[in-house]
Amino acid sequence: MTHLPRTIIIWLFCIWLLLCAIVAGAAIGEIAIPFSTFLKTIANHLFDSGYEVDIFHSRVIWLWRLPRAVVGACCGAGLAMCGVILQALLRNPLAEPYLLGISSGAGTGAALVTAFGMNLSILSLSTGALIGGLLSFFFVVFLAYHSGRNATAIILAGIASAMLFNALTALILMIFTPLEGRSNIFAWMIGNLSGARWNDAALAFPLTLVAFLIFFAFCRILDAFVFGSRAAKSLGISVHYVSMLLITVVALVTAVMVSIMGTISFVGLVVPHAARLIVGVRHRLLIPASAFIGALFMISADVISRIIVPGLAFPVGIVTALIGAPLFALLLLRQKGN
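In the working numbering, the protein residues as written are 1 to 338.
Since the hints were made in silico from the structure, they are not lab data.
Positions of the beta carbon are idealized from the N, C-alpha and C atoms, including for glycine.
A portion of the hints provided could be inaccurate.
Computed beta-carbon distance windows for the label pairs [stated by the list, open to error]:
hint	residue 1	residue 2	range
1	Phe205	Val281	55 to 65 Å
2	Ala32	Glu52	17 to 27 Å
3	Leu245	Ala313	32 to 42 Å
4	Asn44	Leu285	38 to 48 Å
Between the sequences and the hints, there should be enough to build the whole structure, so can you do that?
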């Protein structure tokens with residue numbers, strides 16, 4: 001009981017810090033908007049306060065920046081948690097959400113939608129990406145199921161799937177896609193939050209929350225997986241059932257996040273390692289810490305992408321790569337000899 005108040009204080013501080021980051025992500029951007037206008041806009045929409053604010057500024061804050069910050073936080077948290085789960089299940093420190101080939105399949109789906117103009121009628125680019133990502137995952141499951149049902153089989157199946165769908169995407173872009181469509185696909189594939197809206201937040205937030213609850217419920221079992229599948233079996237854990245359940249949740253979360261914002265590199269790889277340095281390897285602490293750090297990392301990267309060059313907004317995927325690669329190199333240097 002003596003540790004309960006401290007735990008509550010830490011949780012409340014993390015929630016407060018995350019809310020501050022979301023506020024900063026919504027308040028800072030290419031267009032300078034007074035912070036008082038931001039507060040009045042939020043009050044008008046949440047409490048119908050009736051403050052007089054500039055209509056354009058109000059729309060920028062409520063329709064563009066705030067949902068973008070919320071989606072960024074959800075995507076960062078979701079990808080970071082997925083990285084933690086895969087690294088535990090596969091016992092591979094280099095495992096990340098895109099290892100399952102989902103991002104490559106999503107790229108193929110998005111390319112098909114753009115190439116044949118379906119985004120103007122039946123399917124949106126995000127829907128096509130979601131379908132493509134899930135199809136790629138099913139292909140990985142099929143290959144892994146018929147080639148060993150172990151961590152090595154999953155990794156190799158993911159590599160094969162990624163190579164196949166990357167080739168299909170390149171073929172579609174070269175033969176069937178007009179030049180304008182290629183630039184749109186390229187901008188989406190390197191990771192972009194500029195198109196995030198409230199309907200994306202309405203999908204990303206509950207999915208991230210449910211995934212967190214599922215992952216956290218298996219935290220003790222994941223601790224056993226760190227020592228290998230045999231150790232987990234000796235404790236009475238149904239290794240196959242748990243692995244398939246958690247990998248399916250990882251695939252669903254990753255497919256949805258990729259369909260919303262494209263491929264954001266290094267979040268699912270670097271953040272879990274950074275969280276381990278702070279809280280250790282026990283998943284009871286590692287999962288929430290990774291979610292928190294991932295959300296902060298994504299929001300910070302998105303803010304940097306909008307202000308690093310005045311008048312020019314970079315895709316957030318470029319910023320995460322520029323930040324994530326050196327951080328990962330530092331982590332490798334710290335682990336020298338281990």
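Evaluated hints:
| no. | hint | result |
| --- | --- | --- |
| 1 | Phe205 with Val281: 55 to 65 Å | violated (28 Å) |
| 2 | Ala32 with Glu52: 17 to 27 Å | holds (19 Å) |
| 3 | Leu245 with Ala313: 32 to 42 Å | holds (39 Å) |
| 4 | Asn44 with Leu285: 38 to 48 Å | holds (39 Å) |
The structure fails to meet hint 1 from the earlier list, while all remaining hints are met.
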